[in-house]
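Enquirer: Once you've looked at the hints, dock chain B with the ligands against the given chain A.
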Amino acid sequence: MSKQQPVLFHIGWNACINCGACVAICPQEAGFVSPFDTIAVDRPCDIACLLCEQICPVDTITHERVGIPVASNGVNGQ
Amino acid sequence: MPPVDYDVVIIGAGPAGSTTARFAATAGLKVLLVDKRQELGAPIQCSGAISRHALEQVGITPDEEFIHEAIYGFAIYDETGNRAVHDYRSLKPEEYGSEAGKRPLGYVVDRRRFDRYLMTQAERAGAEVWLKTEGLGYTPQADGLCTVRLLRYNQEITLRTRVVVGADGLQSQVGRWAGLQTHIKITELAGCLQFIVDGVETEGLLEIVTGHEWAPGGYAWVFPKGHGYAEIGLGVIATMTDQPARWHLDKFMTQSFFRDRFANSRILEVQGGGVPLAAPLRTQFADNLILVGDAARHVNPITGGGLHTAVAGGKIAADFLSGHLADQLPLQAGALEAYQRLWLSELGDKMWKLYGIKTDIFHNMNIPERNRQLYLTMADYFSPTSEFKKI
Ligand SMILES: Cc1cc2nc3c(=O)[nH]c(=O)nc-3n(C[C@H](O)[C@H](O)[C@H](O)COP(=O)(O)OP(=O)(O)OC[C@H]3O[C@@H](n4cnc5c(N)ncnc54)[C@H](O)[C@@H]3O)c2cc1C
Ligand code: SF4
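Those protein sequences? They're chains A and B, same order as listed. Take the first sequence: its position 9, counting from 1, is numbered 9 in UniProt numbering, and each next residue is one higher. Take the second sequence: its position 326, counting from 1, is numbered 326 in UniProt numbering, and each next residue is one higher.
Just chain A, with the same shape it has in the complex (with noise of 0.2 Å):
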């Protein structure tokens, strides 16, 4: 996996139509996900890819980056 810097997602709640798409096309390890169907919202994602906002069939999935890499999975590159 690609060392990008982390990046922590936020989901337009409002547009999401809870479909689970983002979950589908992720690459991280089981439970990276929120009680709605999603992506995780509430910790960063070390691989980055964002492939979760491209299959978004709304587009209501956004990203900031984040400093701290997290260490708790085995998929990190540290």
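The set of hints was computed from the structure by calculation and includes no laboratory data. The reader is advised that the hints may include incorrect statements.
Taking beta-carbon pairs under 10 Å as the criterion, some of the chain A residues facing chain B (in silico) [claimed, not checked]: (1) TRP13; (2) ASN18; (3) VAL23; (4) ILE25; (5) GLU29; (6) GLY31; (7) ASP37.
Even glycine gets a Cβ: it sits at the ideal position worked out from N, Cα and C.
Expert: For chain B with the ligands alone, coordinates are given in the frame of chain A:
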């Protein structure tokens, strides 16, 4: 064998999970079926088209409880609006029609009612069902069994079972619990959006609109939805467009050859989802675990249809498990590969072939030529002579 709470715990009560549960319970296994939702099938992420054959093959009686409207054939359009029609009312008038003694070719079902109906049938066959229960994880044990962790109304519960069935749909986490490679390539997941509308006439046909102009990487559709309603939707592949599905649906409705037909449409529901136009997972099993339905990417890569394959796959999974468990065969160290082999021979090999056809079309970078190929392939796929008619 050490004692277990259940022979089989099935995560997800969609069509795949409920069908697996029904056949497994009928075969005498002790089955627990769980789903995290409060109302199955909602929010709807499906157009609900399924053939009568697919229902009957797994013993589902077409019931008014879940049928929106009967279907008698297909109309496939090219990018400019020319169409090929396969209307079974005129192709085989003695068999298909709405008159007494004749039958429909298929149905558009209401997924909320369909999923609830299938769950009820599983319960009546003896399966236990827990709603508001989320699967959290599982751990194979040294004694050859496994534990599965559930969260039910905020209470964590750990159960011992012989096999966990992942029937948790497109966003499947169960395969990932076992470290299986389940995420779909961006070039193979169609982002879909659909509107249920009033004010659009339909003619008992599933209408499929091809053409890069309207749905790059996928296709658009107009389905009858009963009560005089219709559904207009499409799916696109993100790498073939800079715009989301919603933008394309808006364009299809206001600029395509159907713009006059859609001019008075009023939107009643907004639905969407992802459809894997992908190959089935290469590995659909792990220790004490198998996958079925969308979770295993058991979706027709040409049509995106996954209902038939979900219920057919559910029966295959249950038949396999009842035999395998009755014979007290091992459940770890690759023993469940036998499930995948059975699935491939009954369903999967054909799906791999469809995947090959689909891949050839979309690898063609010449857009007019690709449009032509997709149109011809779709027109042929739905024809009465198609070799894939029963998928
Ligand atoms: C827009 C769209 C249109 C479609 N149209 C058609 C069509 O016309 N015809 C057709 O044949 N197919 C269609 N499909 C495909 C079809 O919807 C799927 O293939 C089908 O729903 C797969 O069934 P399933 O049982 O595998 O999964 P699902 O129906 O997705 O069911 C999975 C279930 O698992 C539950 N679940 C998930 N995670 C957990 C967990 N951790 N714990 C507990 N429960 C969990 C979910 O709540 C859900 O109830 C369409 C799909 C989309 C997106
Ligand atoms: S892909 Fe978009 S609409 Fe679908 S669940 Fe994710 S954020 Fe919501």
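Enquirer: Does each hint hold? Answer for all of them.
Expert: To see whether the hints hold, each was checked on the structure:
Of the supplied interface hints, the one on A/TRP13 is violated, with its beta-carbon coming no nearer than about 13 Å to a beta-carbon of chain B, more than 10 Å. The closest approach between the C-beta of A/ASN18 and any C-beta of chain B is roughly 6 Å, which is under the 10 Å cut-off, so the hint is satisfied. With 10 Å as the threshold, the beta carbon of A/VAL23 comes within range of chain B, its nearest partner Cβ sitting at about 4 Å, so the hint holds. Interface hint at A/ILE25: satisfied, since its Cβ lies 5 Å from the closest Cβ of chain B, which is below the 10 Å cut-off.
The beta carbon of A/GLU29 is positioned within 10 Å of a beta carbon in chain B (closest approach about 6 Å), and the interface hint is therefore held. Using the Cβ-Cβ criterion of 10 Å, the hint placing A/GLY31 at the interface with chain B is satisfied: the shortest such distance is roughly 7 Å. A distance limit of 10 Å between C-beta atoms decides the matter here; for A/ASP37 the minimum to chain B is near 6 Å, and the interface restraint holds.
Violation of the numbered hints given earlier is confined to hint 1; every other hint is satisfied by the structure.
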